[in-house]
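Student: The listed protein sequences correspond, in order, to chains A and B.
Just so we're aligned, residue 1 is where the first sequence starts under the working numbering, counting upward by one.
Just so we're aligned, residue 1 is where the second sequence starts under the working numbering, counting upward by one.
Heads up, a few of these hints could be off.
With a cut-off of at most 20 Å between alpha-carbon atoms, the simulated SDA-like pairs for lysine to any residue come out as follows [claimed, not checked]:
hint, chain 1, residue 1, chain 2, residue 2
1, B, Lys71, A, Arg91
2, A, Lys95, B, Glu74
3, A, Lys95, B, Phe81
4, A, Lys79, B, Glu65
5, B, Lys71, A, Arg99
6, B, Lys71, B, Thr49
7, A, Lys79, B, Glu74
8, B, Lys33, A, Gly85
9, B, Lys71, A, Asn8
10, A, Lys36, A, Tyr21
11, A, Lys95, B, Arg79
Please keep in mind that the hints were generated in silico from the structure rather than gathered at the bench.
One letter stands for each residue in the lines below.
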Amino acid sequence: MARIAGVNIPTQKRVNIALQYIHGIGEKFAQEICTKVNIPAERRVSQLTDAEVLQIREAIDRDYTVEGDLRRETAMNIKRLMDLGCYRGLRHRRKLPVRGQRTRTNARTRKGKAVAIAGKKKVTK
Amino acid sequence: MPRSVWKGPFVDGFMLKKAEKTRASGRINEVIKIWSRRSTVLPQFVGLTFGVYNGKKHVPVSITEDMIGHKFGEFAPTRSFSSHGGDKKAVKAKG
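Turn these sequences into a full structure, and let the hints guide you.
Tutor: Written out as structure tokens, the structure is:
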């Protein structure tokens, strides 16, 4: 079992794949970390020595924002826009697409599941 | 794609003059009416109040430090939002 950057416990997989289970680390950063700490990406996480795991952990702590910190950073950025009262902030407040997409149709990712007539009171007998 | 750095921020020239004039006159709280929504908010505008035209009227916007780098138009929405009526409780919850 390997605990890297808090709660993530990926095992059995290749190092470069397993690292991607951490929020904020994708294909590119995973590869980067592997080369930085000199571990072949083909190695499985279970075959890493404790020292190597420690090395990875230190590399991530040093050079990358991940997990909680990253989430907080993005949340702060969005909050800044909302407090500013600018157009992008208003769109965030209304939960509508921010970057000028159409909203007549689609935009379901932001709007959530379609509701027949929003806000209509259900008829109860 | 962002604007090239070597060009510097875009501002209509008269904006600078207007800002300077109000500062010199000492009436900082006065609303400066502007139509130039396309101008960037510069550091020297901080503390002033601008009336940004939204196509109908001038929306008062007092400039803070956070607004630097945004465009004036971003702070004066041109469309008025209206939703369908219906259950008042549901509408309130949406905000």
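Student: Indicate, hint by hint, whether the structure satisfies it.
Tutor: Against the structure, the hints:
The suggested pairing of B:Lys71 with A:Arg91 holds, with an alpha-carbon distance near 16 Å, which does not exceed 20 Å. Under the criterion of a C-alpha separation no larger than 20 Å, the hint pairing A:Lys95 with B:Glu74 is consistent with the structure, at around 17 Å. Restraint check: the Cα-Cα separation between A:Lys95 and B:Phe81 comes to about 13 Å, which is no more than 20 Å; the hinted pair holds. Restraint check for A:Lys79 and B:Glu65: the C-alpha separation of about 16 Å stays at or below 20 Å, so the hint holds.
Restraint check: the Cα-Cα separation between B:Lys71 and A:Arg99 comes to about 15 Å, which is no more than 20 Å; the hinted pair holds. Using a Cα cut-off of 20 Å, the hinted pair B:Lys71 and B:Thr49 holds, with the two alpha carbons roughly 14 Å apart. Taken as a hint, the A:Lys79 and B:Glu74 pair is honoured in the structure, with Cα atoms around 16 Å apart against an allowance of 20 Å. For a cut-off of 20 Å, the pair hint linking B:Lys33 to A:Gly85 stands: about 19 Å separates their Cα positions.
Restraint check for B:Lys71 and A:Asn8: not satisfied, since their Cα atoms lie roughly 41 Å apart, outside the 20 Å limit. Annotation: proposed proximity of A:Lys36 to A:Tyr21 holds, straight-line Cα distance about 19 Å (limit 20 Å). At most 20 Å may separate the alpha-carbon atoms for a hinted pair to count; A:Lys95 and B:Arg79 meet this at roughly 16 Å.
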